[in-house]
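Participant: Residue numbers (my numbering), protein chains in the order written: chain A, 1 to 360; chain B, 1 to 383.
A portion of the hints provided could be inaccurate.
Claimed, not checked - Simulated coverage check for chain B against chain A, where a stretch passes if three residues somewhere in it have a Cβ under 8 Å from a Cβ of chain A:
(1) 261-274
(2) 278-285
(3) 289-301
Said to hold, decoys possible - Here are some of the chain B residues that sit facing chain A, going by a computed Cβ distance under 10 Å:
(4) Gln315
(5) Glu325
(6) Thr370
(7) Leu377
In short, the hints are calculated from the structure, not lab data. All C-beta atoms in this analysis are idealised placements derived from N, C-alpha and C, irrespective of residue type, glycine included.
The lines below spell out each chain.
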Amino acid sequence: MTTETAQLLRSLADDVFGSQQAELTDGPARLGKPWDTIRELEWPMVAIPESLGGAGGDLEDILALAEGVGRNAVNLPLLPAHSAYAVAAAGGRTELLGRRLVVETQPRWSSLRVAELGRQLRISGTARRTPWARHADVLLIRGPQAPRSGWIACDPRERAVTITPGLNLAGEPRDDVLFDDLVVGVENRWECADDSLAARGTLLRCAALVGAIDATVVLTSRYVSEREQFGRPLSALLSVARAVALMRCQLSAARSAVEAARRSPTVMNCLAAHVDVAVCAGRVARSAHDLHGAMGVAEEYGLHAFTKRLWAWPEEGIRQMDARSELGRQAAEGGAEKLWADIIGLSALDQRPRQEENSG
Amino acid sequence: MTVTSPVPLAAPAERTEVDLGQLRREVQAFLTDARATGVFTPTVDCWLRGFDLRFSRELSARGWLGVSWPERFGGRNWPNAARFVITEELLRFGAPITAHWMGDRQIGPSLLRHGTPELQHEFLPKIVASEVTFCICMSEPNAGSDLAAVATRAAPAAGGWLVNGTKIWTSHAQHASHGYLLARTSRGQRRHDGLTEFIIDMDWPGITVTPIADMSGGRHFNEVAFRNVLVPASRVLGEIGNGWRQVTEQLSLERGGPERVLTAYPLLEHVVTEVAGKPHLQAELGEIIARLRTLRHMALSLTDALDRGEAPVQQAAALKVVGTEFEQRVIDFAARALDVEADPLSDGVAGLLAGAITASPGFTIRGGATAVLLSILAKGADR
Chain A
1 MTTETAQLLR SLADDVFGSQ QAELTDGPAR LGKPWDTIRE LEWPMVAIPE SLGGAGGDLE
61 DILALAEGVG RNAVNLPLLP AHSAYAVAAA GGRTELLGRR LVVETQPRWS SLRVAELGRQ
121 LRISGTARRT PWARHADVLL IRGPQAPRSG WIACDPRERA VTITPGLNLA GEPRDDVLFD
181 DLVVGVENRW ECADDSLAAR GTLLRCAALV GAIDATVVLT SRYVSEREQF GRPLSALLSV
241 ARAVALMRCQ LSAARSAVEA ARRSPTVMNC LAAHVDVAVC AGRVARSAHD LHGAMGVAEE
301 YGLHAFTKRL WAWPEEGIRQ MDARSELGRQ AAEGGAEKLW ADIIGLSALD QRPRQEENSG
Chain B
1 MTVTSPVPLA APAERTEVDL GQLRREVQAF LTDARATGVF TPTVDCWLRG FDLRFSRELS
61 ARGWLGVSWP ERFGGRNWPN AARFVITEEL LRFGAPITAH WMGDRQIGPS LLRHGTPELQ
121 HEFLPKIVAS EVTFCICMSE PNAGSDLAAV ATRAAPAAGG WLVNGTKIWT SHAQHASHGY
181 LLARTSRGQR RHDGLTEFII DMDWPGITVT PIADMSGGRH FNEVAFRNVL VPASRVLGEI
241 GNGWRQVTEQ LSLERGGPER VLTAYPLLEH VVTEVAGKPH LQAELGEIIA RLRTLRHMAL
301 SLTDALDRGE APVQQAAALK VVGTEFEQRV IDFAARALDV EADPLSDGVA GLLAGAITAS
361 PGFTIRGGAT AVLLSILAKG ADR
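Using the sequences and the hints given, assemble the complete structure.
Facilitator: Shown next, in the form of structure tokens:
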């Protein structure tokens with residue numbers, strides 16, 4: 001049932017994002033009409049329960065939209081906005097869902113201080129590489145209240161907040177936010193025990209990467225079948241056909257990585273997807289440029305819109321080296337038996353019949 | 001990537017419900033005990049190098065072979081997911097499962113799909129009981145990756161077919177009671193036409209098995225020569241001349257299983273223990289584990305496709321390409337991460353590593369070389 005909705009959203013996303021292409025590629029990243037269209041469609045609210053002010057649907061649905069963001073190289077804050085709205089809704093802050101753009105920032109905690117004085121929180125420090133901060137109406141600061149995840153909502157337009165614009169490789173806003181003794185009431189802070197929400201942003205990014213990998217493979221397959229050298233299409237060369245087939249294998253693996261994490265979206269499973277999809281992304285980007293020759297780097301040819309994302313996104317959120325080390329550390333410290341239990345628990349194979357009942 | 005066989009392998013049948021968690025616990029308990037009491041020592045590549053008929057019969061006694069087959073053939077009509085659970089536990093323990101492997105994995109399903117009722121009744125219950133063991137007579141000296149070049153000839157004769165030719169790289173032909181044989185019954189315009197599958201007794205007159213040692217000293221490979229071997233007409237598997245399509249389906253069973261991911265798992269367990277004391281190796285271990293999770297999910301999805309009655313040729317090829325690359329990578333990593341050097345005389349981890357390294361070139365060759373699989377994937381995409 002839900003798979004059908006996801007399919008529908010997948011093709012709808014391609015239609016809608018495709019029709020916005022002209023506005024989206026025109027100049028620097030803005031938050032214009034396309035974003036209002038996306039909001040009217042309630043896409044940022046998909047997979048947030050209707051009872052909490054969301055649009056309903058489940059994780060598979062929002063992942064289908066995220067994939068569309070990647071496949072169409074869309075420069076809109078759908079992913080960070082969804083993550084933020086989802087944690088706001090889970091915290092009962094449904095009023096935040098009405099704000100035009102809310103984004104989440106997850107600063108390194110060495111770089112931020114939050115002091116609690118009476119009913120006030122005083123925030124100082126820097127949150128680097130915050131997506132779309134310059135356009136945000138509300139900023140959710142992800143807090144360090146381990147083991148639970150906590151958030152503080154604040155107004156980035158306060159005088160105590162300075163935003164320095166930055167971009168990722170793909171031209172998406174990644175701004176540094178400086179807090180100089182920003183004061184917010186304690187009522188703006190909440191906690192959330194839902195593990196899957198903490199990792200939501202990671203998994204969405206993985207799905208977007210799958211979309212970008214997909215587009216890269218499609219573009220490359222088409223190019224090598226149309227471009228002729230040595231009197232025949234490039235795809236007639238064995239080494240070229242082989243390279244394209246390997247790209248397909250990577251796409252297949254990346255999809256599988258996301259699907260595995262979707263079935264059980266714990267922090268560790270999403271981290272594993274983050275790592276493995278990144279490997280696929282890197283290999284596909286290299287191969288695509290190899291096969292395109294000089295054309296691949298030309299501004300007017302579209303490949304770079306995808307490959308820049310394949311290079312940028314894997315290092316966002318959690319750096320790859322940190323994610324890999326964390327996975328390896330947990331495996332080594334937990335030992336072989338626990339590792340196997342984790343691996344087979346991933347798909348919840350043994351409990352599958354019951355799970356299907358739940359999702360039906 | 002969704003190209004599947006035009007004809008379903010089998011109608012998606014109503015399956016008997018089984019508690020997979022309970023099944024897994026039973027298999028784990030049995031294997032833990034068997035390993036502790038020395039019934040087996042874990043090995044890498046256990047499904048090709050662990051021929052132990054007694055062990056297979058232990059599994060038969062517990063009802064763990066042919067579990068997805070109909071009850072009238074000794075099976076349990078469980079979903080393919082049940083076979084997946086049993087198989088992946090056997091693989092990760094490195095248990096000796098070669099004796100029943102070919103029968104349980106591909107010959108049984110081929111018989112179910114293409115066999116006459118007589119063949120099904122004769123062989124399926126015996127595979128379930130480990131009363132027969134199968135070897136696969138496919139490759140030939142001049143037909144390796146290019147399987148359609150098969151030249152072993154089956155000529156019509158009184159009562160059946162007269163077979164002449166030579167097969168090679170036939171693992172465990174010296175132990176097997178029976179064989180699967182791919183032979184040419186006619187020569188058509190297309191080289192893929194005119195191939196036919198047979199089920200043979202390995203002790204029939206005219207069959208000569210000659211061992212070929214591999215570089216580790218392993219004795220599983222053989223050359224199998226056929227000289228005027230009379231195969232009864234009743235032993236034709238499926239349609240005469242339709243062997244190519246049938247064997248292609250069989251290969252998707254051969255390529256898409258968890259053994260394309262877990263062959264080196266017993267070695268990985270040692271690496272995990274070792275890395276606990278070597279933080280600088282954590283990141284690489286993390287990357288390996290992330291890929292393992294992905295691959296296991298790919299294999300599991302293929303199992304679900306089998307339940308839906310599909311023969312997912314393309315996905316199986318993709319899994320084998322990335323899965324076997326992963327297995328080789330695990331071994332490369334182990335060679336760097338472990339404190340010992342590979343030593344074939346060692347009965348500890350150094351020996352396990354030695355066996356793994358010398359077995360590893362086979363991973364990307366048997367069951368379809370990577371280069372061939374990539375060409376299947378490339379062709380599939382053109383359709």
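Participant: Determine for every hint whether it applies to the structure shown.
Facilitator: Against the structure, the hints come out as follows:
1. With 3 residues having a beta carbon nearer than 8 Å to a beta carbon of chain A, the region 261-274 of chain B meets the requirement of three or more and the stated coverage holds.
2. Here's how the region 278-285 of chain B fares: 6 of its residues keep a CB closer than 8 Å to some CB of chain A, so the rule of at least three is met and the hint holds.
3. Counting residues of the region 289-301 of chain B whose CB falls under 8 Å from any CB of chain A gives 12; the rule of at least 3 is met.
4. The criterion of a C-beta within 10 Å of any C-beta in chain A is met by Gln315/B, whose closest approach is roughly 7 Å, and the hint holds.
5. Taking 10 Å as the C-beta cut-off, the interface hint given for Glu325/B holds, the closest approach to chain A being about 9 Å.
6. Among the interface hints, the one on Thr370/B holds; its C-beta lies about 9 Å from the nearest C-beta in chain A, closer than the 10 Å criterion.
7. With a cut of 10 Å, the hint placing Leu377/B at the interface with chain A holds, because the nearest CB-to-CB distance is about 4 Å.
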